[in-house]
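K.L.:
For reference, the chains in residue letters:
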Amino acid sequence: MATLTINGKLETFDAPPDMPLLWVLRDVLGMTGTKFGCGIAQCGACTVHIDGKAVRSCVLSVGAVGNREITTIEGIGATPAGARAQKAWLDLEVVQCGYCQSGQIMAAAALLAATPHPDDADIDAAMAGNICRCGTYVRIRAAIKQAANGRQS
Amino acid sequence: MNVLAKTPEVSRRSLLGGGLAGAFLIAFHLPVRASNEPVQPPDSTDGKFAPNAFIRIEESGRTILVMPQVEMGQGVYTAIAMILAEELDADLTQVSLEHAPPNDKLYGNPTFGLQVTGNSNSIRAFWKPLRAAGANARAMLIAAAAQQWQVEPASCTASKSKVIHTESGRSLSYGELALAASSQPPPKDVPLKDPSQFVYVGQPLKRFDTPDKVNGKAVYGIDAMLPGMKFATVVACPVFGGKVGTVDDTAAKKIPGVQKIVVLDDMVAVVGDHMWAAKKGADALRITWDEGANARIGSKEIWQDLRSASEKDGAVAKSVGDIGNGLASGEKFEASFELPFLAHAAMEPINATVHFRGDSCEVWTGTQIMTRVQSEVAKAAGLPVDKVIVNNHLLGGGFGRKLEPDMAVAAVRIAKQVDGPVKVVWTREQDIQHDVYRPVYRDTIAATLSDGKIAAWKYKVAGSAILARWLPPAFQKGIDIDAIDAAVDMPYDIPNFHVEYVHAEPPAVPTGFWRGVGPNNNVFAVECMMDELAHKAGKDPVEFRRAMLGKNPRMRAVLDLVAEKSGWGQPLSPRVGRGVCVQPSFASFIATVVEAEVDERGEVELRKINCVVDTGIAVNPDTVMAQLEGGLIFGLTAALYGEITIDRGRVQQSNFHDYRMLRIDQVPKIEVHVVKSGEPPGGIGETGVNAGPPALRNAIYAATGVALRRLPIDRRLIAAKKA
Amino acid sequence: MRIRILLGIAVIVLAALGIGVWIIRGPGPLDFSAGSRVALADYHDAKPSGVPEKLARASLVERGEYLTKAADCMVCHTTAGGKEYAGGLGFQLPFGTLYSTNITPDKETGIGDYSDRDFLNALHRGVRRDGAGLYAAMPFTSYASMTDDDALAIKAYLFSLPPVKAVPPQNKLVFPFNQRWTLMFWSAVFNRDARFAPDTSQSPAWNRGAYLAEALAHCGECHTPRNLAFALDNRNKFAGAVAAGWRAFNITSDKATGIGAWSDDDLVAYLSLGHANGHGTASGPMGEAVDHSFSQMAPEDIRALVAFLRSVPGLTSTDLPATPAPAAPAGHKDGVTADARGKTVFEGACVSCHGWSGQSPVSPMATLTGAWAVNDPGGTNVAQIVLSGTHRLTPDGVLSMPAFGNAYTDDEVAAVTNYVTARFGGKGSKLTAADIASLRQQTAQ
Ligand code: FES
Ligand code: FES
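Chains as they are written, first to last, in our numbering: chain C, 1 to 153; chain W, 154 to 876; chain R, 877 to 1321.
Think of the hints as simulated: they come from the structure by calculation, not from any bench.
Hints should not be assumed to be uniformly reliable.
What the hints assert, rightly or not - Straight-line Cα separation of at most 20 Å, EDC-like style, residue types lysine to aspartate or glutamate; simulated pairs:
| no. | chain 1 | residue 1 | chain 2 | residue 2 |
| --- | --- | --- | --- | --- |
| 1 | W | Lys630 | W | Asp466 |
| 2 | W | Lys471 | W | Asp642 |
| 3 | R | Lys959 | W | Asp436 |
| 4 | W | Lys532 | W | Asp257 |
| 5 | W | Lys822 | C | Asp122 |
| 6 | W | Lys829 | W | Asp347 |
| 7 | W | Lys540 | W | Asp512 |
| 8 | W | Lys704 | W | Asp642 |
| 9 | W | Lys761 | C | Asp124 |
| 10 | R | Lys959 | W | Glu444 |
| 11 | W | Lys761 | C | Asp18 |
| 12 | W | Lys761 | C | Asp119 |
| 13 | R | Lys1306 | W | Glu756 |
| 14 | R | Lys1209 | W | Asp512 |
Given the sequences, and given the hints that come with them, work out the whole structure.
P.N.:
Given below as C-alpha cells:
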C-alpha cells in the first residue's frame, strides 16, 4: 500500500511505483476530473499540481511523487488562484467541450499563483503546453487576465 | 484492491453566474446513469406533466428538459434549453437537463430521421419542433390554470414557470399545475411567440454545462465508473483491413494487474485492473499481423488514383446556362485543389464502457449517434435492440468522429469475453491510427471571365462518398449530396454554372465526416479559385466577389462589414497579406478575413482574424461567437499542419507530436461580429472550420504571390526565394 | 649502374610507402598502454575473453547469446519493426548508402551456408563467403581482436535462431566506392587481423575491460575519430567523433570534457541504465547500445569496462566548455531569451517535461542540465533527439521522448536546438535549416 496527499487528504491505495499518477488518480482513486489526452506530455489534459507547480501526471510516476502535495482539479477551487481562475472561466464562458479545461485551469492556476500579473509572454510560456482542440485559446487568455485583475465581467 | 475507492460525484452543480446572465441561475443536472443507478424507462412519466418527449414538469416544480442532440462543446444543450424554456416560459432556475435515451421516433433529428447530432443542424432542424413543444406545454398549463380559476385561457399569461391571471393577480406555479395539466387535451396550432417577445432567445446566457466542466465534476464517456469494472486498451492491426496473425502474450500476462488478453480477428485487447496495466500489457504483446493486400498502399498510390479519377467525367449535380459555350468563349482558367486525409483527434480519446450480461447489454459512451450505437451494439452482442441500453454522456469533442459506432462495437466484442463491466479506452496513438478520416479530395474548377465577372464556372469534385456508406438511401444517381453541398450552393451570380461529382473512394483508408463536412472541401476550392480569378481580372478580391453578390444581400452585407472591420485595403508591410473567404454553408452567411505574415523562411504567423456572421436568429449569440472562434482555430490548425499520410497501409502519424495542433501562443486576436437578424437560425458549429483555410491561403497569396493549391501549407513553396 | 639506381629508387619508394602506411595507419587501439603483451594462451590471470563467471558452464548457444549482445550485432542487423538479425538497415555514408546483411541462418538470403571458417573470415578479416570484401561499416577491424572460440559461440547462437528469408536492399554507392575489390587494399593496410593480446602490466579487470571494449563492444567505431581513409585514428583514441549523424562524445579520461570527472558509479549507471544523474541520458546510437548491449552485461563486466576506460589517456575536446552549464533560471524571461521561434517550439512541445530550468519536473532522465548534448555548441545530438526522439528502457519501464521530426520543419528544429543549447548549455548552436536537412539525411534509413 502506498499513500499520497491529494487535495489535503491522505489517500491510501495499491499501485506499482512506476504507474503514472494520472492512472492512480483516475482508475484507482476514481478521481476522473484529471483527463487523459495523449500520455506523452504533449497536451496538458492531465495537469495537476505537485507542491503548487503544474506537472503532467501522465508521465510522472507515482513513486516519484513522494510526500509532496498533490492538488487536482477537484481541489483547486480551494486555492485563491484556482478559485479566481474558475470564476473567470465561467464569467468569460471559456469552455466548449470542456475536456481540456481541467488541465487548462490547473496550468492557469499555477501561473497565477507564481505570477499574479502575467503578461502575454507569461501566458504563452505557461499555457502553450495545453492543447484545446475546440480552440478556446482566445478566451483562455482573456480569462487569465481577468482573473489576474480581479475585474468582474 | 478496490478500483472504486471513490465514484465521481454526480450531482447538482453549485449555482454560479455573473453579468447579464446572473439573473438566470440554472441547475444543471448531469445524467446519473454514469454512476450505475438503475435505468428508468425513457418514457416513465409517473407523477409528472410530460406533454411531449422533451419536457417533464414535476410537482415540485422541477422542470426536466430532455436533450435530443448531444453536447460536444457546441453549446447545444444551452440553446435547446433556451428554445424550450422560451416558449414554455419556464423559470430557468428550476430547469434540469437530461441526455435523451436512444429513440429515433422521439428524438430523431427531423432532417435525417435519425437521432444524430451533426451537419450543424441541431438548431436549424429543432427550432420549430422545440418551440412547438414548449408552446404546447405552456398552453396546457394555462388551460389547466384557467380551468381551475374558471376563466378564459386567453386572459392568462405565463412567465417564469407560473401562470398568472392578470386581472385578479392570481397565480399558480407549473409544479402546482403539473397534475392538472397532464389531463388537458393536447392543443392544436398553438401560436408561437413573436421574436420581439423573446426573453431568453437572443441573449448571451451562461451555458448550463460549464460549471461542472471547471471543477472536474463533468462526466464524459471516458469517466464512466462502475463497481467491479475492468479497464482495457486495444492494439489494432496497423494496416487497414489486416488481421491478427499470431499473438505471444507471455510477457504481457506477467505484468502485474493484467487480467486477460482478448484476441479478436482484427485487434487484441488487454484487460487489466487499470489502464496502466492494460497499456503496459499492450506494449508487451508480440503480435504478428496478417497484413493483407492493403499493406502495399501508400499516399503516393492514393493520390495517383485520385488524380486519374478526377480526370474522368462525373455525375452532373447542377447545370445552369450553357457551360459548353460559356467555357468556350473567352480565356479558360483552370486549377485543381487538393486536400489531405485528416484525423479528428478529439481531446477525449475514443472509448466505450460495456457490461455484457448474456441476455442484455449496457453501454456507457459519448456518441453523436445514439440509435445507431444501440442497433450496432445489438448486432455485435447478438441481442434484440430492446435488450441494449445506451447511456450517453458529454462528449470531449466530437467533430464527426463520434458519428461512428465502431468504438462501442469493439468494446462489446471485448466485453463478451469479460465478466462484469469493462471500460475500453483507445490510446491516443490507436485513436489517431484507427480513425475514420476526412477524405482526400481533388477539386478542379475551370472558369472564364467576361467584364471582370465570372462568365462560366465548371466545378468537378472528386472524392469519397461518405453518405454512400453512412446513409445509403441518401446516395442517389451517383451523387454524394454532402460532397457537393457548397459547390452547388454558390453565393455568386454566374450565368453558366455546372457542378459534377466523381465518386472516388481511396483504397484501404476508411473515410468519414469531419467537422465542416462536404463544404469544408468546397468552400476551400471555391474561395481559392475566386482569388485566383480576381487576380486574373485585375480586381481586388473583395470587390470581385461583391460585384457578383447582387442576388445575395445577406452575403454581401457580411462581406461589406468584414471588409470594414478588418481594415481591408489599408496598407500592410511587405510579406503581410489579408485573405477573404465568403461562405453561405449551413444556412449561415459568413465572411472572414485573415491577416497573416509569411517570413523569409516560409513560416506563417497569424496576425488578426475578423469574422462577420449572419446566422439568422442567434439563439445564444455568445455561443455563436465561441463556435466561430473555435472553428476558425480548428480549420487553421488543419491548414497549417493537418495531414495524415499512409505508408504500407499504415497511418504514419500517432500523437500530438506528429499530428500537430495550433497552440495558444500561435493564435491571434479573433473578432467575431454577429449581425442581428430575424431570419430562422442557421447552422454554426462547422462554419468557422471552413472559413479559416481559404482565408489564410488567400492571405498567403496576397503576401507572397504564391497561389497554394494544396493543404497543409507547404512552407518551402512560400519561403522567400534565395538570391 | 642503371639497375642500381632503379633498385635504390625502389627501396626508397618501398620505405616511403612503409613509413606512409605506418603513419596513415597509426597506432593500434591498445598501444597507449605500454606494458608487455603476451599471447592469450600464455596469460595466466583470469581469462579476459569469453563469458562472465555465472555463464561459465552454460551451453555454447547461451554463451554465444551473451557475446552476441556484448558485440551488439542486433542493432545494425535489424531494421525498425523488422525481424531481428534479418538485416536491411541503411547506413548513410558520405559516398552512398550501405545496407546491413541478413545474418539469420537462412541458407539462401542469410548466412546459413557459412562454415566456421567462413564466419571467422568475415568477422576477423572482413571477407565474405564468396571472397568479396566487406565494407568497414562492419567493424571487423575491431572484431579481429575476438578469439575464435568467442566468434564461434556467436555463430552458434545466430544459428540457433529462426532463419528469416530477407534480402536487404542493394547498396547505393558511388564510384569508386562501389568497387568491392578495392576493399582488399584497405583491409591490407588497416586491418591488423590480430587477436587480443593481454597486457601483463595491467590488472585482470583492465584486460577484461579492454577485450570487451575492443573485441566486442567496439566503442572506438563511434568514439574514435577516423582518418581520411575512414579508418580509426587511434592517436585520438576515444576523443569523440560524429558517427551516423550523432556525436559520440569524448570518453577519454580528460577531466573537463571527457569522463575523467565522472564517478565510477556514474559510469556504471550510464552504461547499464543509460542515465547518470547530472550527466544526461543516452540517446540515439548510444541509447541503443545501452538497451541491447551494455544493459545486458554482467555487473563485473561493466566494472571492467569502467576500469579500462579510466586508463585511456585524456584528450581535450576544445569545442566543449570546461564544465557543463549549471541549471538555467526558473523564469522563462530570465536567462537566454534569444530565438523567438525556438522559444515558441520549446514552450509548446518541450517545457512540460524539461522545465524552464532544464531540471525535469517528471523524471531525472529528462533533466537537461549537465548533459553534454546541450553543452555541445554544435548542437548535433540535441537536433537528432528532437528529430528522432529517444526511447529508454529503464528498470521502471519505457521512458520516451517522441520524434518531432515528422511534423516540425527544419527551420523549427534548428531554432529549438539553438534555443536549447543556448539556454541550457551556455553557448548556443548556430544550426540552420540546411544543417537539419543534412542531419536528417545522415540518419535516414
Ligand atoms: S495526457 Fe498528459 S500531457 Fe497529454
Ligand atoms: S474545450 Fe474542448 S478541447 Fe478544450
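K.L.:
Okay, which hints does this one fail, numbers in order?
P.N.:
11 and 14
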